[in-house]
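Now for the letters of each chain:
There are 4 protein chains.
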Amino acid sequence: MALRGFGSDNHSGIHPDILSEMLSANHGHEPSYGTDSFSETAIEIFRNFFGPKADVYFVYNGTAANVLCLRAGLKRHESCLVTDQSHLNMDECAAPEFFAGKLIPATSINGKFQLEQLQSYLIRKGDQHVSPIKMISLTQPTELGTCYTIEEIRKITEWAHQNNIYVHIDGARLTNALHFLKTTYQKMLVETGADIISLGGTKNGLGFGEAVVILNPELKKDFKFIRKQSAQLPSKTRFISSQFMGYFKNDLYLKIAEHSHQLALKLAHDLTTIPEVQITQPVESNSVFAIIPKAWIGPLRKKYFFYVWNEATFECRLMLSWDSTPQDVAGFIEAIQEIKLNS
Amino acid sequence: MALRGFGSDNHSGIHPDILSEMLSANHGHEPSYGTDSFSETAIEIFRNFFGPKADVYFVYNGTAANVLCLRAGLKRHESCLVTDQSHLNMDECAAPEFFAGKLIPATSINGKFQLEQLQSYLIRKGDQHVSPIKMISLTQPTELGTCYTIEEIRKITEWAHQNNIYVHIDGARLTNALHFLKTTYQKMLVETGADIISLGGTKNGLGFGEAVVILNPELKKDFKFIRKQSAQLPSKTRFISSQFMGYFKNDLYLKIAEHSHQLALKLAHDLTTIPEVQITQPVESNSVFAIIPKAWIGPLRKKYFFYVWNEATFECRLMLSWDSTPQDVAGFIEAIQEIKLNS
Amino acid sequence: MALRGFGSDNHSGIHPDILSEMLSANHGHEPSYGTDSFSETAIEIFRNFFGPKADVYFVYNGTAANVLCLRAGLKRHESCLVTDQSHLNMDECAAPEFFAGKLIPATSINGKFQLEQLQSYLIRKGDQHVSPIKMISLTQPTELGTCYTIEEIRKITEWAHQNNIYVHIDGARLTNALHFLKTTYQKMLVETGADIISLGGTKNGLGFGEAVVILNPELKKDFKFIRKQSAQLPSKTRFISSQFMGYFKNDLYLKIAEHSHQLALKLAHDLTTIPEVQITQPVESNSVFAIIPKAWIGPLRKKYFFYVWNEATFECRLMLSWDSTPQDVAGFIEAIQEIKLNS
Amino acid sequence: MALRGFGSDNHSGIHPDILSEMLSANHGHEPSYGTDSFSETAIEIFRNFFGPKADVYFVYNGTAANVLCLRAGLKRHESCLVTDQSHLNMDECAAPEFFAGKLIPATSINGKFQLEQLQSYLIRKGDQHVSPIKMISLTQPTELGTCYTIEEIRKITEWAHQNNIYVHIDGARLTNALHFLKTTYQKMLVETGADIISLGGTKNGLGFGEAVVILNPELKKDFKFIRKQSAQLPSKTRFISSQFMGYFKNDLYLKIAEHSHQLALKLAHDLTTIPEVQITQPVESNSVFAIIPKAWIGPLRKKYFFYVWNEATFECRLMLSWDSTPQDVAGFIEAIQEIKLNS
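For the record, the sequence lines run as chains A, B, C and D.
Be aware that the first sequence starts at 6, since it is given in my numbering, and climbs by one per residue.
Be aware that the second sequence starts at 6, since it is given in my numbering, and climbs by one per residue.
Be aware that the third sequence starts at 6, since it is given in my numbering, and climbs by one per residue.
Be aware that the fourth sequence starts at 6, since it is given in my numbering, and climbs by one per residue.
These aren't lab readings, by the way, just hints derived from the structure by calculation.
Treat the hints loosely; a few may be bogus.
Just so you know, same-sequence chains aren't split out, so a pair can sit in one copy or run between any two.
Dumping the calculated EDC-like pairs for lysine to aspartate or glutamate here, alpha-carbon to alpha-carbon at most 20 Å [what the hints assert, rightly or not]:
hint	residue 1	residue 2
1	192	256
2	187	256
3	130	156
4	229	96
5	80	223
6	58	223
7	139	223
Keep in mind that this is a model prediction, so the values were computed, not measured.
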């Protein structure tokens, strides 16, 4: 077994309650390719959240959920507006360009688009030499752990729709934002006008599996073919859908978000007692971003693994997960203090 | 729980011994994206079969394994020779063309290429108007449940290499061929000269997960990027690799092949007692192909689901799985006799 | 200067009357990218033929005209039905798959689709594993020089539209069919229901340049972006549009078709006097297909270049052009008789 | 005939000496698809400039030359480093992403890369989540009319090759740089180590046609197929190659560059006499960039068309061409003075 740490919420395994539902699905024969009874049940659960007209498609991973959402909304000559910090732009090995179209990276603050700048990206709209922007992708929570407020989402969505642009929500850790904003999927996304959503599972306690939720009917039409052609149609779909059944049962999804957010707040709080460490982002989900003295990072990572987010500033990312514990947090603080003493 | 039947080997769940290994992997933190200890162990097992220089990459499903193999070997202007009956040509919603390149469908007998015709597809080689054939994809066992002999594989591979063509093995049910030919992966694929292999898991008892095995060093170089860009890099890879550990432990992979082949032989044998039914393909893996009187198909499918393979001839496919039972076979024969009596 | 012959109608240069119009366009400044006055005039001429709602886009070559038409009508997961003999399938180096989607090659007779077989390609329509056929591409005249009758076009188009399929006309030598059928573009294509047309220039006397004519409004919307992204937006467009002005002026387009068809008929007629030579296709445009004794082909090609169309049967293609002459035909017959005498 | 102006060098027609050579090519039959005698002659001329091992391919337009160069050097998961101002990034409607791969836009000064920043784009090289940078594209002269010095090209090329990165030269107006630097293609590009070059024709007096010059043997291998599949193989190639014969004959290429540069210098000089106008870029090729008072732009463009380059600052681009005249320059200055008087 490897070292515990704060590397990523995908270093954790499967949450026992999610696993339990998955095991319940492992009996007898079921039709394949999404037509099984577990998938039907899981989709109904999603419709309770997102309304009866929502279309739901299970796919394997977060890259797939995101690039298939883009592919659903973009023709090949069209572009998606993203932030310069976004996962789509920085960490997907050009998968968006492969599956969908061009990305236009916009400058961001705390990982968020700046509403007042958006219009400037549309200056040459209609010019045949310029790839038209047809989608904007918001990461919620952002790569830096911050959350758009409902009002911010509404304003961006209004701007987008006024300009004939679809709104994608990249929600690898979407429930963390739900929990932080003390709201519902209905209020945060349906009422604000989001068109298509990547709702993450793997980083929230599933072993694998994400859901694409489509609210705008224009984006539904071809999605089953898009998923299949993109090699993302799971044959034994029941083993994804049953995990989501576990994730949503007894409000587990909110409990996981609460758990990891509380630990993040605790970690951030305790780090503020160490003056050499500087918290850089508001703690609005399950991560803490902090500049840590360069000399401390090496020895610290040997005890608790984490990533240096910005190689220039030594801003580090500490990610809390469903299986992170108060002991992990206390141990980390202890370790950092020990290193400080010895330095 | 849905009806038992002979629809597909992906209608079955996860084999208990495979599940057991997967559950053993569900402890603590592990690095993500293929760098976990379970993946390292599983890759060593593959190397015991395919030699120490084999590269192994886990992906989510069979479509992905196949199209990523093609992408590894083909530039976008190049083509892959497939049989007209192949899954790549018939059942992948143009995924090969999306991920890799053009398919050239060749006529086939019993699902197999005809060696003596292959050369005719190279007539215009070098002509800039013609997409060069750079790969040939053999399905083993074929879509019709037949197996290439080792000698046939060797001859096709020799022909391919003489013509600067890579050999891909589409092995969604590869171990069934291994069992039928009473051979080893080493003899069937390494010594015959295969370049890149899709080794199936999902249809053989895994919940999800396939392996790409790369033998030819020329095809290894970019595969990690190809997998990532194709949205097939699993974050919690341990839940695929551990399943393969279960699949190979105590020769389970061979036992599953033996089990499903024996039941297929039994089913075919018992069907020959019904003169109206005509077995159409040699039973060389875990499927039986048979022409069943049209009027019987409807009522029969209500008791045991299966697919009509050829809508013109009413050739049907009956697929046996790791969880198929002698009772299933007996029940099917009984059902068909009952329908015959009543007709 | 190279040898005269019957290799292809693109071995000829620019017709003097077409060149003359092109030279007239070479004065002063004109806006670029299709907004010049010559392009506006040329488009009006096309609208006289195809109706006032036709959209017209000039592109550089025939490959481009065809694959852009496919791209206009196909989403990436969709397919185009073509004949097995079609240029799209045989001679475009997988450009259709690169720009648009999968090709489904249908068996053909005399280069034409067989209407009664078309329905069989739609068997699995709606199945997510199968790339939906969304376009059918008719070559008029076909690769074998034959012409669909207006009634055949109407029937195929009706079938297509009943099945929600667009009709593309690959018309690299379209006017030859117009002339053969003694009809108009309006009757042959607009009234029969064609959706999008590649209207060839280069093989009919232009130096370069083809026109895409879009009749179905659904296919117009994005075409300017598709053309630009596909690297087919000509900057000095006037040098294509002015050539088409020359092509249509004083019925030159029909005169060229008449000239080359008459010579083809003469050549076919004279070849029938040589019993060893067998005409294989009806002469319905500007080509003659004939099986020529194998031993004669080498020496004959040294005097008059032409292509062996079928390497198995030694069916040869003799192509007549705007600049072919009765002397060319007579010389060819003479040459063949001389070779016969000496053999 | 449209208004004369400074909109673009592609608003001009064909230079008479270039046209003359093109007309000389319009006799008799020539083999098609690049195998004609004119193309052979033209390629020899290029080899006199670029060395005997240079491969030369004619294509239709500048977009094509650029994206085919990128496609030659990039696998689909790889990226090309470009400046944020580059034509590839700003004006190609996502054609680079369609044909080749992802673009990484780097900040620039006067349209040029900043050498000291290049290394920062390679930080995560080797990480499978990051698309590897495999090519850098230098525009020479840049979009802002400035020229890299030979020393700058050498340093960038050295950096690139040390990092296993190919160097592409986007040279839509390449000879203008040659003339400004008083150098040769050999010294500016071959000796500095450029790998592949787009050498423009259309903006320098041709009616259409560009050349791709490949110096690095690794990039040559598949180019004929890449060109064909990209719909850029001209059938009557002689009408491009003969134009290049005219372009290079009697040093016409240098004379055109000299002519347009001198006029640009004259225009810039005369504009400095108008204090309200501010020249923004060094005049190192055939364009002048200047901030013109907003109120003047409308009336001025009615007399002499030009583009506003930067809608925020009202920096305008005035482009000189082979057919620009001293009268055009004088007329423009007169017009601006008149507008000033009346304002």
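Verification of the hints:
no.	hint	result
1	192 to 256	within (17 Å within a copy, 53 Å between copies)
2	187 to 256	within (14 Å within a copy, 52 Å between copies)
3	130 to 156	neither (26 Å within a copy, 39 Å between copies)
4	229 to 96	between (26 Å within a copy, 14 Å between copies)
5	80 to 223	both (13 Å within a copy, 14 Å between copies)
6	58 to 223	within (12 Å within a copy, 27 Å between copies)
7	139 to 223	both (13 Å within a copy, 18 Å between copies)
The structure fails to meet hint 3 from the earlier list, while all remaining hints are met.
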